[in-house]
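Undergrad: Using the hints provided, position chains L and W relative to the given structure of chain X.
Just so you know, the protein sequences line up as chains X, L and W, in that order. According to the working numbering, the stretch in the first sequence is residues 2 to 492, in order. According to the working numbering, the stretch in the second sequence is residues 149 to 782, in order. According to the working numbering, the stretch in the third sequence is residues 8 to 113, in order.
Incorrect hints may have been included.
Once the Cα atoms are required to be at most 25 Å apart in a straight line, the calculated SDA-like pairs of lysine to any residue come out as [unchecked claim]:
#1 X:LYS444 with L:LYS315
#2 X:LYS444 with L:SER366
#3 X:LYS38 with X:ILE51
#4 X:LYS436 with L:ASP314
#5 X:LYS445 with L:GLU320
#6 L:LYS315 with X:TYR357
#7 L:LYS315 with X:ILE51
#8 L:LYS315 with X:ILE365
Some residues of chain X that are not near chain L, with every Cβ distance over 12 Å (derived) [what the hints assert, rightly or not]:
#9 VAL43
#10 ALA58
#11 LEU78
#12 TYR153
#13 ASP199
#14 MET204
#15 THR210
#16 ILE216
#17 PHE219
#18 PRO282
#19 ALA364
#20 PRO393
#21 ARG432
#22 ILE462
Label pairs and their in silico Cβ distance ranges [stated by the list, open to error]:
#23 X:VAL187 with W:LEU18: 38 to 46 Å
#24 W:GLU80 with L:TYR762: 15 to 23 Å
#25 X:ALA31 with L:LEU748: 57 to 65 Å
#26 L:ALA663 with X:PRO376: 56 to 64 Å
#27 L:ALA643 with X:PRO376: 17 to 25 Å
It is worth saying that the hints were derived from the structure and are not from the lab. For glycine and all other residues, C-beta sits at the position ideal for the given N, C-alpha and C.
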Amino acid sequence: MAYQLADFPFLTTLLLCCIAGLLAILATPAKHTQAIKIVSAVFSGLTLVISIYLFIAYDQQAGGYQFVERVAWIPALGIAYFNGVDGFALPMLLLTGIVFFTAVLTCWEMELRVKEFFALVFLLVTGVFGLFMSLDLFFIFVWFDVSLFPMYLLIAIWGSTRKEYGAMKLTLYLLAGSALILPAIVYLVVHSGAMTFDLLVLMEGDRFTPAQQRIAFFLLYIGFGILAGVFPFHTWSPVGHVAAPTAVSMIHAGVLMKIGAFGILRVGIFLCPEGWQYWAPLMAVLATCGIVYGTFVGLNQTDLKYVIGYSSVAHMGIVGLGLSTMTIDGLNGAVFQMFAHGIMTALFFSSVGYIYDRTHTKAIAELGGLSRIMPRATTFFILAALTGIGVPCLASFWGELVVFMSCVRVYPVAGALAIGALAVGALFMLRVVQKTCYGPPLKKFAGLKDITAALAVPRIILASVIVLLGLFPGLLFDMINTATMQLIGLR
Amino acid sequence: MQPATPLPNSLIVTAAALLLPLLAFGVIMLATRSRHRLSAAISIGAAGLSLLAAVYLLVQHWQMQAPLIFQAVWMVSGQMTIPIGILLDPISLSMFAVVAAISFLVQVYSLGYMAGDPGFGCYYGCMSLFAWAMLTLTVSSSLLQIYIFWELVGLASYLLIGFWFDKFSASEAGKKAFVMTRTGDVAFLLGLVLLWLQLGTLDIPVLTNPATVGAQLSPGMITLTALLIFGGIVGKSAQFPLLTWLPDAMEGPTPVSALLHSATMVAAGVYLFSRLFGFFSLSPTAMAVCLTIGTISMLLASTMAMVARDIKQVWAYSTISQLGFMLMGLGAGSLFAGAFHLITHAGFKALLFLCADVFIHHCGTNDMFEIGRQGGRRLKSAVVCTIIGAGALSGLPPLSGFFSKEMILGHLLDSGHPVAFLAAAVGAFLTTYYSFRLIFIILFPRDSGDAPPPESHDGHHHAGSEWPMTTVLWCLAGVTVVLGFFQTPLHDFLARAGTGFQAATPAHHSWLPVAACLLAAVAILQAWFEYGRKKARQIGWVEQIPFLADLFGQRWYLDRLYRYLLDTLVYRGVSRLFTANDRRVIDGALDGLGRSTIGLGRVIDWVHGGMIQYRLMIMVAAVIGLILFIGWGG
Amino acid sequence: MIVPLNHILLLSGLLFSLGMFCTLARRNLIMMLLGIEIMLNAAAVAFVGASLHWQQMEGQAIVIFILAVAATEVTIGLAAILVVYRRTDSVDPDMDAALWEKGGSR
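Chain X extracted, bound-state conformation (with noise of 0.2 Å):
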């Protein structure tokens, strides 16, 4: 495929933001904790900039890959730095820097560790760039890795709930699915004919016979699909949520979770088309059964953040759905549902986190009253619960139903199951809501602060993305739509 390389390295810049900001925090001394977090204000602030940049400076009329820049680093096994994003890369790296300019945000009263916390939040979130921006199967394997460590430290060190299980959970859950990729990697390059990882040489011509692509397709789909919380390789994600501090759960469910399924796309479906459509039908499965699933288990969860990482689980299904349909709508309705519900979820985690942070509780059953104690933190509250209901005009509306449209067509069953399990959705979602936001103020919540303005400004960030691609999704659908089209225009 062509592609022209960029005037100007804009993704190594982004890249250099992330590492230049852990390099200046870990220059900052430990005890000037507000200087930390203004140097991590600015440096995320800056990578959210540039992606905005990105976004909005490519170029949707020629499509394909821009911005790109490619070093050779070992020509001999073919391995380049290679960078590059298109419709599909994009709306990810926005939504990775509002996340991360907004979970920095979040933590700002934070006080334990703040210098080892922020540099490892950065570290993270550089896997997590390089990933989305990466065209070099041996980076983005890297990147994936770099991205996994440091959840380990940040939930062990700074979570909550039964931490070292679920840190040590999440991470062995994750590492086998690294486990499966690698060799998937391998299979493929080996079995190319050239030795080389270049994702756009590897897509040319036939290069795999199908059965050598259902073979890596799977492994590729279970491997990343471990990450993007499907069906029955779940669990780690719930209770990872739950152990989790506020802005690594936002991080987390928000980015993290969303580079399963984009490692699913970009690998998976980019390189074996075959063994996609060979695999469609149990995607498809596994996606319906996690929606219903995910929902019904929701309804039974005692803990606020359980709740969400359930919800989670549903909504990511509802992505799985729309990747299994092989069609573009329901790609489109499959990425827009990433970006969509990684917003929604970072807002429902900062939004409990505030709450935990002054309830001291996570329990539902102990939490009652608050929309009279802290209206505001509660609007942002109830805001997350509509957009994971589905209520049309705001922004997760339009993923599930583009994906709900093609899916009727191509899997029926699967399609009216995961409609039916909306009205399930919005039993599970508002009875939360009632039982922590509604009913009398509670006396032993009575002296609590509403949200101070300076706190809200992140919130108000994603609550605003969340009503303004409600309003006009067609931001964010044009720009996919060019990608799609590309992918599904090639066969």
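TA: Just chains L and W now, with coordinates in the frame of chain X:
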């Protein structure tokens, strides 16, 4: 879809009328929430301008020949284009006017009602949200757009029912309303998607065009999609079997009940049916189902209303039964009868609710016996207005309900549905009976006679200025009295919508109005006999049969059934099963894997640990064995 | 060469067996260490004998090497035994993890 004869003026006016409430909602929620008077002014201003726009549009297009369509692209994805647009035709225009008028009046009324409530600004914000969603719904140009705003209306309803969320019952009712309507909407969405897959478009003019739909869809598919879409109508209009959310929704502020849960939002279901009348009439099965569901709901709700003591509940049941009545009219094939009853009902039911509110406001109770005892009859204008409204509801001659009810009855008879006609007659009888039961209970209290009205009001109500409330009551009463005489012009106007009017000939049974009036008179007499006259014990005939009283009072045990099903099937059944599966099977397997790894480590650890000399001995033995092996082998 | 190679190898084998027995059977870490030393020396004797027999100097060089290794081994071994003794008050080779943890204060 080509925009037909662009008339920019009308479109700009409509768009402005739609966007103003949205703007008001945004401004109130973001900026002026804490400044009560300003918020109210913004919201009422927006609603007022919308009303002016509606009146302007009505006047402008009274003689319209072709519907006016404007569409823009909202979103494109692959081959899928989702449009947003405005469709102005007689049906949407009349509904637009009704919604705008009642929103405006109720918002003005709320000035008095909500005065002093801490959530005053928020209340007006939600009202604006509702006005925006509902107005946009009425002029939507595609079915998908209707669905979108249909959901938003449901959201506004959820927020407003649970407005006093301190009360458990209020938040519970809001949740119930949302989830039950959502259940219907699942079917709606499914039907809509199926329809889209078959037709490739959801534009209403295409859908209601029998030629295109008939050519592209098999009859079975038409029936299937029509029934699925009807599921959404059942949910939204609180018809059987999803009718139990509406009585609970009375937990919200009364003006909200008047606006959303009687006049406009619940009528959206019936509106959708009349909107898609051309489509539904292609499937006889769907029409029959509609007629049946309408009949069942009407009878069920009427019986429930006969034993209710809560004044708002009575009107809520009556709303369900009247909506069922409209669906009967539509299901029998008369678009005009249904639509006309929808319009008249919106007026008099809003009136009845607002009157009920005046009683509740002054007596501090919802119980009509208590209201009577507290001297409810001293509230002259409320009593007179209630009588006017109840008269219209019962179909007494000069009032608006009389005309629309006769239309439906006549049509049921004409179209050859004798059973439905009989059921409708029984329903009309019961309606009159329970309406006048309520009036007599309030007018002729037993026990403590004319106690002075208490000074203290209940928690939410504070004495606001009275004039907005009274003015609004008289406005609505005036409309109720007058509207019936506009039957013919309205018919001519609506007939221009085209489809479905060939059948809508006004009834020509001269005996019918007389018979209906006689029926109503008998019902009133019976109510008088049981509740009004001096010696009456104020115990109805239903209440003397414990079994029936219990059955009706418990809403035919529908609520219990749903609760039971929800608890056993959803919470204790599937949900618990899945949770157990998650804990035991999936997590259990994983933890088991972890534990067995550790166990294996222990075993290997034991081999490596312990007395070192045993290991040495084994090593020596191994070496000796090796030597022997090599020695002999070599 | 007066002493035949066979005798030297026999001596070496005897020494090795003695050392092995000492290492395997004695329930004292120091004696085990001594046993190891004896085995090393048995090997050294065999090396010297072989070196004489074939008239090559590498065998002798290796012996020097073995001596050096044995010296370091004894040093480290004794130090380790001393630590064990301090921690557990015993030089019994049959020590299990529990004993270590009881006496240990990592």
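Undergrad: Indicate, hint by hint, whether the structure satisfies it.
TA: Quick rundown of the hints versus the structure:
Distance hint between LYS444 (chain X) and LYS315 (chain L) is fulfilled; the C-alpha atoms sit about 16 Å from each other, no more than 25 Å. Of the pairs offered as hints, the one joining LYS444 (chain X) and SER366 (chain L) is violated, with about 62 Å between alpha carbons and a cut-off of 25 Å exceeded. With a CA separation close to 20 Å, the supplied pair LYS38 (chain X) and ILE51 (chain X) stays within the 25 Å bound. Distance check on the hinted pair: LYS436 (chain X) and ASP314 (chain L) sit about 11 Å apart at the alpha-carbon level, within 25 Å; holds.
With a C-alpha separation of about 23 Å, the suggested pairing of LYS445 (chain X) with GLU320 (chain L) holds against the 25 Å cut-off. About 24 Å separates the Cα atoms of LYS315 (chain L) and TYR357 (chain X), which keeps this hinted pair within 25 Å; it holds. Restraint check for LYS315 (chain L) and ILE51 (chain X): not satisfied, since their Cα atoms lie roughly 48 Å apart, outside the 25 Å limit. Our distance criterion of 25 Å between C-alpha atoms is met by LYS315 (chain L) and ILE365 (chain X), whose separation comes to about 18 Å.
Distance check on VAL43 (chain X): its Cβ is at least 28 Å (rounded) from any Cβ of chain L, clearing the 12 Å threshold; non-interface status holds. No beta-carbon of chain L is positioned within 12 Å of the beta-carbon of ALA58 (chain X); the least distance is around 21 Å. Taking the minimum C-beta to C-beta distance to chain L, about 33 Å, the non-interface status of LEU78 (chain X) holds against the 12 Å cut. No Cβ of chain L approaches the Cβ of TYR153 (chain X) within 12 Å, the least distance being about 15 Å, so the stated non-interface status holds.
Distance to chain L confirms ASP199 (chain X) as a non-interface residue, since its nearest Cβ pair spans about 28 Å, more than 12 Å. For MET204 (chain X), the condition that its CB be more than 12 Å from all CB atoms of chain L holds, with the nearest at approximately 21 Å. Listed as a non-interface residue, THR210 (chain X) keeps its Cβ farther than 12 Å from every Cβ of chain L; the least gap is roughly 29 Å. Every beta carbon of chain L lies more than 12 Å from that of ILE216 (chain X), the smallest distance being close to 24 Å; the non-interface claim holds.
Against chain L, the non-interface label of PHE219 (chain X) holds: every CB pair exceeds 12 Å, the least being about 20 Å. At roughly 19 Å, the least C-beta separation between PRO282 (chain X) and chain L is larger than 12 Å, which holds for a residue marked as non-interface. Every CB of chain L lies more than 12 Å from the CB of ALA364 (chain X), the least distance being 16 Å, so the non-interface label holds. With a least beta-carbon separation of about 4 Å from chain L, PRO393 (chain X) fails to lie farther than 12 Å from that chain, contradicting its non-interface assignment.
The beta carbon of ARG432 (chain X) sits about 7 Å from the closest Cβ of chain L, which is not more than 12 Å, so the claim that it is off the interface is violated. No beta-carbon of chain L comes within 12 Å of the beta-carbon of ILE462 (chain X); the shortest separation is about 14 Å. Separation of VAL187 (chain X) from LEU18 (chain W) is about 58 Å and departs from the stated range, judged on CB atoms against 38 to 46 Å. For the pair GLU80 (chain W) and TYR762 (chain L), the supplied restraint of 15 to 23 Å holds, since their beta-carbon distance comes to about 22 Å.
Evaluation of the 57 to 65 Å hint for ALA31 (chain X) and LEU748 (chain L) yields a failure: the beta carbon distance comes to about 41 Å. Distance hint for ALA663 (chain L) and PRO376 (chain X): a CB-CB separation of about 57 Å, consistent with the stated range 56 to 64 Å. Against the hinted window of 17 to 25 Å, the Cβ-Cβ separation of ALA643 (chain L) and PRO376 (chain X) comes to about 50 Å, which falls outside the hint.
The structure fails to meet hints 2, 7, 20, 21, 23, 25 and 27 from the earlier list, while all remaining hints are met.
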